[in-house]
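Student: Below, each chain spelled out in residue letters.
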Amino acid sequence: MNFSLIFQTLITGLAIGGIYSLMAVGYSLIFSILNFSNFAYGMVIMLASFMGYFAMSKLHVGMGIALFLAMVGAGTLSFFNERVAYSSLRKRHAPPLYFMISAMGTSIFLENMVYATIGSQYNAYPQIFAVPTIKIFGASLGKMDLFAIIFSIIAIYILNYFIQHTRTGISIRAASYDSTVAEINGVNLGAVIGLVFILAGLFAGISGVFLGIKYMAYPNMGWITNKAYVAAVIGGLGSLPGAVVGGIILGVLESFVSVYVSSTLRDVFSFGTLIIFLVFMPSGLFGKYLEEKV
Amino acid sequence: MYIQGILILCMINAISAVGLAVFTGFTGLMSLGHAAFMAVGAYTCAIATKTFGIPFFIALPMAALMAGLVSLVIGIPTLRAKLRSDYFTIATLGFGEAMRVLLENLPITNGARGMAGLARFSVLPTVFLIFVIVVFFTKNFIFSRYGRMAIAIREDHIAAEMAGINLFQVRLRSLFFSAACAGIGGALMAHHIRFIQPNMFTNVQSTLLTATVVAGGMGSITGPIIAAFIFVMVPEVLRVAEMWRLVAYGALLVAIMVLRPQGIMGYREFSINGIIRYFRNLGTKQDKGGTVS
Chain S
1 MNFSLIFQTL ITGLAIGGIY SLMAVGYSLI FSILNFSNFA YGMVIMLASF MGYFAMSKLH
61 VGMGIALFLA MVGAGTLSFF NERVAYSSLR KRHAPPLYFM ISAMGTSIFL ENMVYATIGS
121 QYNAYPQIFA VPTIKIFGAS LGKMDLFAII FSIIAIYILN YFIQHTRTGI SIRAASYDST
181 VAEINGVNLG AVIGLVFILA GLFAGISGVF LGIKYMAYPN MGWITNKAYV AAVIGGLGSL
241 PGAVVGGIIL GVLESFVSVY VSSTLRDVFS FGTLIIFLVF MPSGLFGKYL EEKV
Chain B
1 MYIQGILILC MINAISAVGL AVFTGFTGLM SLGHAAFMAV GAYTCAIATK TFGIPFFIAL
61 PMAALMAGLV SLVIGIPTLR AKLRSDYFTI ATLGFGEAMR VLLENLPITN GARGMAGLAR
121 FSVLPTVFLI FVIVVFFTKN FIFSRYGRMA IAIREDHIAA EMAGINLFQV RLRSLFFSAA
181 CAGIGGALMA HHIRFIQPNM FTNVQSTLLT ATVVAGGMGS ITGPIIAAFI FVMVPEVLRV
241 AEMWRLVAYG ALLVAIMVLR PQGIMGYREF SINGIIRYFR NLGTKQDKGG TVS
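Chain order of the listed sequences is S and B.
One point on numbering: in the numbering used here, the residue at position 52 of the first sequence is 52, and numbering is uninterrupted.
One point on numbering: in the numbering used here, the residue at position 245 of the second sequence is 245, and numbering is uninterrupted.
Heads up, none of these hints are tricks.
From the derived model, a few chain S residues whose C-beta atoms are all more than 12 Å from chain B:
# : residue
1 : 2
2 : 134
3 : 141
4 : 164
5 : 183
6 : 194
Chain S regions said to be covered by chain B (calculated; three or more residues, Cβ under 8 Å):
# : region
7 : 100-111
8 : 266-273
I should point out that these hints are in silico values taken from the structure, not numbers from a laboratory.
Heads up, the beta-carbon is just placed ideally off N, CA and C, and yes, glycines get one too.
Using the sequences and the accompanying hints, generate a full structural model.
Tutor: Okay, structure coming up:
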């Protein structure tokens with residue numbers, strides 16, 4: 001066992017884990033309020049990645065503006081996703097299965113729309129840093145990865161502050177605790193849910209751009225975003241600290257499996273972990289397990 | 001010959017869809033991994049007939065059995081744990097993908113290159129016969145005690161459990177049945193196209209099956225059959241590209257959930273008597289309208 005390889009693997013794992021965390025936060029936010037898994041979220045991230053790509057390569061704007069545009073675009077998309085696909089289901093109290101089918105439908109629709117209009121090729125973002133890596137104790141770390149980790153930490157911190165300390169944040173928490181009682185107490189449920197989807201969309205925008213810079217933008221990205229869902233389950237769906245911890249654990253685990261076991265089995269391993277967690281610890285590390293209401 | 005091919009494809013899809021209808025429509029759990037069971041059936045049948053020279057009519061039940069047994073691998077742990085339905089769905093999604101990776105790396109399946117040169121056993125009369133048998137079994141399954149229990153679970157699983165129904169057993173049984181149907185569908189598909197590779201059984205295939213069941217109506221057998229025929233025939237007739245088909249299916253799923261969650265048929269079944277009754281009622285309504293005016 002050589003130490004520097006272990007350290008390098010750890011660093012690589014943390015870099016991808018940071019992005020998993022960012023995406024898992026979005027899944028968790030939506031789950032906490034609507035109590036279902038929004039599989040369409042992955043496609044919002046994919047589209048955000050494309051928005052960032054087009055902003056940078058076609059409009060030739062800097063990364064900051066591209067990030068901003070992707071966040072606005074993904075937020076809007078996420079909002080309309082809720083209004084079109086879920087709000088009428090919510091109003092007639094449809095069972096979670098219907099929400100999931102609707103989410104699956106949205107996801108298939110968006111993914112294949114991209115295949116049909118933009119095409120299936122991989123689109124690389126332009127180079128951002130002239131010297132892309134720095135050395136930390138002999139391990140190389142992409143400057144972009146470092147930036148992504150720092151930016152993710154700041155974004156998650158702001159989100160946490162918003163939810164814990166502002167008036168709107170309190171109404172979000174109230175709605176996620178019990179939506180009916182929150183509504184009776186004067187919370188505008190429709191607005192709060194719309195806001196949660198916009199917040200999740202903003203996170204989709206950030207993670208989409210970072211993912212695109214790291215792995216390029218392509219329509220089949222849903223496969224990576226599904227792993228963010230795995231991360232959210234490990235941490236406990238509906239819990240924000242859980243999403244962060246779950247993302248980092250999954251990123252590091254995957255990176256070790258692909259270095260020391262086999263990179264083809266990495267995805268099997270991730271989903272094996274998912275199934276083990278679902279069966280033995282359905283509430284994850286930090287979450288609460290909610291039985292489905294009939 | 002061309003029309004025969006489409007009919008065969010319709011019936012193969014209908015067989016798999018009927019299987020999934022028993023599971024999704026009658027226990028309320030959604031699976032996104034049924035392509036894996038089709039793959040298991042297809043590979044079992046192909047290996048049995050091509051590598052070991054076993055006759056097709058023995059290999060086909062073997063394929064069904066094998067798919068059923070594989071379904072227990074995912075079914076026993078997840079159904080015993082009584083997962084929420086979305087957790088179960090994501091577990092089946094992961095399982096389907098794991099299965100495909102496995103097929104790509106096993107020596108007996110010839111890896112990602114797939115198996116070519118399979119004999120053409122899925123001719124129209126054979127497929128039709130198997131289709132009829134499967135539908136007959138499904139109908140009997142649904143109208144048996146187990147079918148009734150499954151419906152009770154779908155409607156309210158807590159109440160069903162309190163009434164003494166073993167949730168795990170009933171769900172597992174319908175999963176086994178649906179996997180076996182998917183296995184038969186896969187086996188027929190293998191001997192219709194005469195070439196299989198792991199790439200044919202992705203989660204897109206699973207999603208299409210689910211879309212078929214949802215569009216046909218969860219809780220109906222004839223609904224998904226009609227939907228399977230429509231889903232194969234309409235794109236054939238219109239000759240649209242694969243991607244636009246999927247775009248339309250996605251939009252259709254959302255539209256169905258928002259506008260008509262019961263699908264084409266809802267809980268009802270398609271029958272000749274039903275049509276006659278429908279038109280007779282139509283007639284009486286019009287007559288009434290006439291007398292009023």
